[in-house]
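**Q** The chain contents come next:
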Amino acid sequence: MTAPPAKATLKLPSYCYQCVAGPDLLQVRVEEGTAVAVEPNFCASEIHPGAGRVCVKAYGLVQKTYNPHRILSPMKRTNPKKGRGEDPGFQPISWEEALSLVAEKLNAVRASGLLDASGYPKVAASFGGGGTPQSYMGTFPAFLAAWGPVDMGFGSGQGVKCTHSEHLYGEFWHRAFTVSADTPSCRYIIEVGCNIEASGGVVGVKRHADARARGLKRVQIEPHLSVTGASSAEWVPIRPKTDAAFLYALIHVLLHEEPRGSLDLAFLRERTASPYLVGAHGYYLRDPSSEKPLIWDEKRGEAAAYDTPGIKPALEGSYRARAVEIGPDGERLDEGELLGETAFEKLLAHMAPYTPEWASRICDVPAQTIRRLAGEFLEAASVGESIEIDGERLPLRPVAITLGKTVNNGWGGFECCWARTVAASLVGALEVPGGILGTTVRLNRPMSGRIESVKPGPDGFMDYPFNPTDREHWSPRPNIRNAYRTLVPLASDGPWSQALGPTHFAWMFLDGTPQGLPEVTFPEVWFLYRTNPAISFWDTQSLSEKMARFPFVVAFAYTRDESNHMADILLPECTDLEGLQLIRIGGTKYIEQFWEAEGFALRQPVIEARGEARDFTDIATELARRTGLIEDYNRAINRGVAAGLRLKGENYDYSLAPEKAHSCEEIWDAICRAASAELSEGAESEGLSWWREHGFRTRPFPRLEWYLYPALVRQGLRFELPYEERLYRIGRELAQRLHERGMTWWDKQLAEYQALPAWRDFPALWEKSVVAAGGKPEDFPFWLVTTRSMQYAWGANAGSELMREAAANIAGHGGVVINARAAARLGIAEGDLVEVRTPRRATQGRAVLREGIRPDTLLMVGQFGHWATPFARDLEVPSLNSLVPMSIDLTDATGSGADLVRVGLSRLRSRR
Amino acid sequence: MRRSGNSGGRIGPSLQKSWDRRAAANFIAGGCGSGLAILSSANALWSGNLEPSAFAAAAVLIALGLLFVWFEIGRPWRFLHVFFHPQTSWMTREAALAPPLLVALAATALSANRAAAAASALLALAFLATQARILRAARGIPAWREPLIQPLILSTGLAEGAGAALLFFAFAPVSERLFLSVLALAAVALRQFAWRFYCRRLESRGAPKGALAALQAIDKPVLWAATLAPFLFLLATFAFPLFAAPFAVTAGVSAIFGGVLIKGVIVTRAAFNQGFALPDLPGLAGTGGGASTRPGRS
Amino acid sequence: MTRWVMVADLERCVGCQTCTAACKEENATPPGVQWRRVLDMETGEYPDVRRIFLPVGCMHCDEPPCMDVCPSTATRQRADGIVTIDYDLCIGCGYCIVSCPYDARFRTDRARFAYGGRPNEAERKRFDERRLGVATKCNFCVERLDAGIAKGLSPGLDPEASPVCVNSCIASALYFGDIDDPQSGVWVLLSQKNHFRLHEELGTGPRLYYLWGSP
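Residue numbers (my numbering), protein chains in the order written: chain A, 2 to 913; chain B, 275 to 572; chain C, 9 to 223.
No lab work stands behind these hints: they were computed from the structure.
Cβ coordinates follow ideal geometry from the N, Cα and C atoms, glycine included.
Worth double-checking, as some hints may not be accurate.
[As the list claims (entries may be wrong)] Covered by chain C, per the in silico footprint, the following chain B stretches (three or more residues, Cβ under 8 angstroms): (1) 354 to 366; (2) 410 to 420.
[Unchecked claim] Distance ranges between label pairs, derived from CB positions: (3) C:Asp94 <-> A:Glu377: 34 to 44 angstroms; (4) A:Ser911 <-> C:Glu208: 36 to 46 angstroms; (5) B:Ser327 <-> C:Asp96: 56 to 66 angstroms; (6) B:Ala491 <-> A:Ser911: 13 to 23 angstroms; (7) C:Asp94 <-> A:Asp875: 35 to 45 angstroms; (8) C:Arg126 <-> A:Asp654: 27 to 37 angstroms; (9) A:Ala843 <-> B:Leu502: 37 to 47 angstroms; (10) B:Phe471 <-> A:Ser911: 32 to 42 angstroms; (11) A:Glu258 <-> C:Glu208: 44 to 54 angstroms; (12) C:Glu208 <-> A:Glu377: 35 to 45 angstroms; (13) B:Leu506 <-> A:Asp875: 52 to 62 angstroms; (14) C:Arg126 <-> A:Glu682: 25 to 35 angstroms.
[Unchecked claim] Computed far set for chain B versus chain C, every beta-carbon distance over 10 angstroms: (15) Ser288; (16) Ile347; (17) Gly348; (18) Arg349; (19) Leu376; (20) Pro556.
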């Protein structure tokens, strides 16, 4: 890859997509061939919702590029023994030798079959979360697509460090892989653990600041006062993992204490399943001939299929109707004159016991606070208001409840997501201006078109690509080791599904596969890129030990780290400022990334690649060539696998000749031309040189497409809420399938499939896990939680001196945050070295005493505990990840676990 | 190992690190030297006992103090720039007084001339006053910018000077030491008063807790070792003439020690900046009602 | 008369330290030296706690104590109020550092780099030996300002003529402008919102204003 000529001073456009809250469009100032500074690209200020500004992490890119610890030539392991205590003995080798070694291994795999005896792919690949590595790995996805089956389910935190329940249930309910408030129009947000100021990126911070300035009130419900809590109007400390109780009480107040007429009854009637009649067995009453769910038509005083025109559905009450009730596997449970209650009536009864007084005892939030917040929520919802967007009149419901990571994954996550979405639906604030929005889809198709993914499914709801649970189609043979297809119907079966399954199972099952699954094996070749599971996942000690048993590991390596410590080959690739790639920008993406523009942005080499680092595209092409896959590889690129963009469209064709190995510039020039053509409907064809100069190009994206509501109205569809008949049925079917094969170890998870989820004592599950690990609950009286560090999150920044320095200005970085009074009781002073322990593991860190944390909660910011990464290994920073166990018991039905653990705390020695 | 586990940057008062023991040494040696010059001159003018070696010693002390500062500055070879700002900088003024003071002291030492001694005393007094003003003008350090630092620096300079002068007259007959002894008693008493008022004022003005703690830690030693000890030993020189010399030496050393202690602690350990404080911010979004805060201050 | 001031809106600042990092990069300050930084402050006691982020740095005071004490005249105040340091005059006595009530000044005696004693390519390019052993601090990016004004640009409005921290602020919490110009953004903001300055009681006349709430 050639960099531009070394003129005096240049400003070259590029992007930073180190985290899902990107991309940020930036400029790099280059002086005589040396990158010296990153600046906002103010040329993008009109189209970028963050006014073209750039996240703090991007300012570390220059230092990242010139980090003296970088691996700058391919390396080969010389010590065959692997382990934390073993020196890998990495020795520099030539690219020729490195690629030969990798290709030789791959060709041997190919020759003997791509799957092993258990049916698992022999090649595995792990990438960092959120799909961000894909914005840096050039055409490597095309190589993997050409290769065939690859196990991408060895997680590095996926499923447990994400908003997992939201990803799965969110997509199911409202095409919401991530959920955001419609911040630009919202007036009132209850944030339950959501740390939007740290996780919403530049756009989130800008939008929320603007919203505060125009009067948005944000209430923060969380155990510690996060940076988001700091800028919220109110902080409500809540006991960890009791968020569902808080939300249930909120719903209770809306349903049982506020006047019914203050809710958005029209929305409930027309756009949800609230009027559907539910039979005695818990399934919808259906029309005996069409098998469509029935509702009670108040106009004619009789039951009618849900989609009968001109009816007025009854929201409340019980009614008799000629009907059939169909259970799992199509079993007809009842037929004839059946009594049915409306789903809404069921909801009323279900929520009746969850009073604020009840919740207060559980979550430690005063009942009057819950009542007040429910009242504020309802009032701010302004039921009845409307707004014109792009010429169309839509309801305006400027209220939102947003959920944070640990609220949103593991046990209780389903209940919280359900309650949040139901609360929104009660006031009609779902997928309308001001309310909560799903901002992207990763499981539904097409990935780049959320609105287009709305297709009619059964019973008047949106379709959803569940993994089948019926006898004929359910698969007892997982395609990859984490068994998502077998165990998690909601995870679907697309490219993202592998990382959305129970990714810790791939690791756990290496030491013992549960009954009914083919024996989990080690992959013969494992690729690693922009990920460090040995730090970022849980039970990091065991995980590292397992990693040491992987026979052949190829790591695309920036510096040495804890995961590539176990690698056999290290390959240095061009980092952020050295590589070439075009990505899609704008439209609607993760979190707050919904724009009024869409298009593409180029990442380009602003300097000559350092050392022998190679562009990822060149590496991928070379691997494809050496494994005889060049044609399939080129075809994958032509299909759009690399850039999410087909090279051939209606008015253009920039397809690569399939039989030839193309240079990196040739490939991206073709992709750039296709992008120009797509944006101009074939009128333009500017190639790489134009994009290098301009950096990005967009076209308007209609704001109307932020909202799903119009698409549902157009298609006459309803949100599948509040009654979860389909999930309930699927759960029963899955139970039958598993039990038919003698698999009972998933029974606890099967209980999560409920039509109306009940509160369970979620915190007790973690206390029980202490007992299971041989401890006494009273010895582990604290909850240890973690919180996102904006400066560190996602970017492999632990080795960055600049990020360390910037982050050090924010309290808690690098230590254990303890409530000042709780610390005083234990004789712990600021700066003391403390031990935080579970029954099985312990870690140490410096005490940071703050008032903004519950006395029963400890906090460790970010993910650390490095022992191999240069610079980071000297930081002495404790990590929650070393303490959290991996366990089936603490895994929920979606296959995720929650990022917290019960711990004990003691002082080791005073401040030095 | 890099220390981690921070509380969010420096917010509360933190100890300044720009001026260390070398700067303290200048205040100690310069103060002691100028005090010695003043007391020796007074003694000479009053009693006629002009001791040239005392003036020589004063010059050496003052020069040593400045040498310490020279070791501390970041660009020692630009030391002449120190003279560029006599309009407002007390450091320039201190530096500007040093050459004539040293000349006067040398002249006195060589000539034993009483006029030269008088000139030395005046210049030394001015020099001592600039040292007090240097600290007073350091607005970043509450323990320094307190106006009562001035009587404290002046009185401790005199007390140290008296202590040092006593060393030169330890073996002299009582009559020759009488005037000096009275001056020393007065200076030490004055210093104790200045110290008490200074400490009390700092407490009442909400000085950094760290500064108050550092001062509190030496309050008793100052009283006992720096005030009562010279007092008692000086009185003892009269009561026990046989041991007058060792008692005078002890009194002198303890008076000097008091200055070392006070200035050493003030310049190094009590030199907390004031940190950051917020006024009351009622209605600040995100803060509900807003009580003011000034972490780390009394 | 032009008098440059900076305004920080405490209701917008989220403590992200983007300004800190951007300043460090633009001004190539060594590790530990932060001309601009954001404090993370707490008030109250659990559960009635507030957390406030406070951007700080040189306040370019009307009556800069650092300037009065400086023996070498290295610290000066321009007509537009910006307090500057002449690195060729400064003797590094540290007197200004202890005289600043805002902990805004630094002195680095030996060259220090991100990863130890050796500079990387970018650090080598930006290294300025004149900054060793002398006082340094925020200068409101005065070179950018002057170069921008020379091009006819408006500081505070045109990024090219504005301090880097202001340009970088992702929350749009930092503003820069001429307080003597009633048309300027900062003038308008200060006339619309509550504001205060740090350590007003010292009479230094700091020119970093903090906004909160409406009067």
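**Q** Kindly confirm whether 35 to 45 angstroms is satisfied by the beta carbon distance between Glu208 (chain C) and Glu377 (chain A).
**A** The hinted range 35 to 45 angstroms holds for Glu208 (chain C) and Glu377 (chain A), with Cβ atoms some 36 angstroms apart.
**Q** Taking the shortest Cβ-to-Cβ distance between Leu376 (chain B) and chain C, state whether it exceeds 10 angstroms.
**A** holds (18 angstroms)
**Q** How does the Cβ-Cβ distance of Ser327 (chain B) and Asp96 (chain C) compare with 56 to 66 angstroms: does it lie in that range?
**A** For Ser327 (chain B) and Asp96 (chain C) the Cβ distance comes to about 43 angstroms; the hint is violated.
**Q** Between Asp94 (chain C) and Glu377 (chain A), does the C-beta distance stay in 34 to 44 angstroms?
**A** For Asp94 (chain C) and Glu377 (chain A) the Cβ distance comes to about 57 angstroms; the hint is violated.
**Q** Given that the segment 354 to 366 of chain B was listed as covered by chain C, double-check it with a C-beta distance under 8 angstroms for 3 or more residues.
**A** holds (count 10)
**Q** Could you say whether the range 44 to 54 angstroms given as a hint is met by the Cβ separation of Glu258 (chain A) and Glu208 (chain C)?
**A** Once the Cβ atoms are compared, 48 angstroms apart, the range 44 to 54 angstroms for Glu208 (chain C) and Glu258 (chain A) holds.
**Q** Is the Cβ of Ile347 (chain B) more than 10 angstroms away from each Cβ in chain C?
**A** violated (5 angstroms)
**Q** Starting from the hint 25 to 35 angstroms, judge whether the C-beta atoms of Arg126 (chain C) and Glu682 (chain A) obey it.
**A** Given about 53 angstroms between the Cβ atoms, the range is violated.
**Q** Do Phe471 (chain B) and Ser911 (chain A) keep their Cβ atoms within the hinted range of 32 to 42 angstroms?
**A** holds (35 angstroms)
**Q** How does the Cβ-Cβ distance of Arg126 (chain C) and Asp654 (chain A) compare with 27 to 37 angstroms: does it lie in that range?
**A** Violated, at about 52 angstroms.
**Q** Beyond 10 angstroms from chain C, beta-carbon-wise, is Gly348 (chain B)?
**A** Check fails; 2 angstroms does not lie beyond 10 angstroms.
**Q** Holds or violated: is the Cβ of Arg349 (chain B) farther than 10 angstroms from all Cβ atoms of chain C?
**A** violated (5 angstroms)
Violation of the numbered hints given earlier is confined to hints 3, 5, 8, 9, 14, 15, 16, 17, 18, 20; the remaining hints are satisfied by the structure.
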